[in-house]
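S.K.: All chains should be built: construct the whole structure from the sequences, respecting the hints.
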Amino acid sequence: MRRALDLAREAAADSEVPVGAVVTKGGEIIAEARNAMRGGLDPTAHAEIVAIRAAALKLGQPRLDGCTIWVTLEPCAMCAGAMALARLEALRFGAEDPKGGGVVHGARVFNQPTCHHRPDVLAGIGEQESAELLQRFFEERR
320 MRRALDLARE
330 AAADSEVPVG
340 AVVTKGGEII
350 AEARNAMRGG
360 LDPTAHAEIV
370 AIRAAALKLG
380 QPRLDGCTIW
390 VTLEPCAMCA
400 GAMALARLEA
410 LRFGAEDPKG
420 GGVVHGARVF
430 NQPTCHHRPD
440 VLAGIGEQES
450 AELLQRFFEE
460 RR
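According to the numbering used here, the sequence shown is numbered sequentially starting from 320.
Just so you know, these hints were derived from the structure itself, not from any lab. Owing to the predicted nature of the structure, the values given are computational and were not obtained by experimental measurement. Watch out, some of these pointers could steer you wrong.
Cut-off 25 angstroms, straight-line C-alpha distance, at most; resulting in silico cross-link-like pairs (DMTMM-like, lysine to aspartate or glutamate) [said to hold, decoys possible]:
1. K377 with E347
2. K418 with E335
3. K418 with D361
4. K377 with E408
5. K418 with D333
6. K377 with D361
7. K377 with D325
8. K344 with D325
9. K344 with E408
10. K377 with D439
11. K377 with E329
12. K418 with E446
13. K344 with D384
14. K344 with D439
15. K344 with E446
16. K418 with E451
17. K377 with E351
M.R.: This is how it looks when you write it as structure tokens:
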């Protein structure tokens, strides 16, 4: 999670919402990303999506069996759906997102009967630091 938090800081420095994501396999980082929606003019360039794409390319396959994704913020429904499709083994995230989250809030993607794969989910890792980064980012823009 430390690396994901560093990536979130980099995103904030580029005026992106401070979210970072890291994909690991066997304890090794195989892909990492930060939000890049504004800079890339791509509404789907959430940190999780970019990291999942990079991990699939690195492994040479669309399924990320045995991989864990570490994210600083609760994934939205789009990202949670991508995690299920990628067959990620586990999701670890920092701060909950009551407004836009799709895992423990909102759509609760992994709880839907149409979700064919549910990663193991653990929330609250680096929660305070993740939340502070987001709060500071949005306070500076108000």
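S.K.: Between the alpha carbons of K377 and E347, is the straight-line distance 25 angstroms or under?
M.R.: holds, 13 angstroms
S.K.: Below or equal to 25 angstroms on CA atoms is what counts here, so check K377 against D325.
M.R.: holds, 22 angstroms
S.K.: Hint check: K344 vs E408, CA-CA at most 25 angstroms. Holds or violated?
M.R.: Within the cut-off at roughly 10 angstroms; holds.
S.K.: For the pair supplied as a hint, K418 and E335, confirm whether the alpha-carbon distance does not exceed 25 angstroms.
M.R.: holds, 18 angstroms
S.K.: Given the proposed pairing of K377 with E329, does the C-alpha separation stay at or below 25 angstroms?
M.R.: Holds - the C-alpha atoms of E329 and K377 are around 23 angstroms apart, at most 25 angstroms.
S.K.: Would the hint linking K418 and E451 be met if the CA-CA limit is 25 angstroms?
M.R.: The hint holds at about 16 angstroms.
S.K.: Hinted pair, alpha-carbon criterion (25 angstroms max): K377, D361. Please report holds or violated.
M.R.: holds, 22 angstroms
S.K.: Regarding the pair K418 and E446, is the alpha-carbon distance no greater than 25 angstroms?
M.R.: With Cα atoms ~16 angstroms apart, K418 and E446 stay inside 25 angstroms; holds.
S.K.: Does D384 sit within 25 angstroms of K344, going by the straight-line distance between their CA atoms?
M.R.: Given that 25 angstroms is the threshold and the Cα spacing comes to 9 angstroms, the pair holds.
S.K.: Is the hinted pair K418 and D333 satisfied, with a Cα-Cα distance of at most 25 angstroms?
M.R.: holds, 23 angstroms
S.K.: For K377 and E351, compute the direct alpha-carbon distance and say whether it is at most 25 angstroms.
M.R.: holds, 11 angstroms
S.K.: Does the alpha-carbon distance linking K377 and D439 stay inside the 25 angstroms limit?
M.R.: holds, 22 angstroms
In this structure, none of the earlier numbered hints is contradicted; all agree with it.
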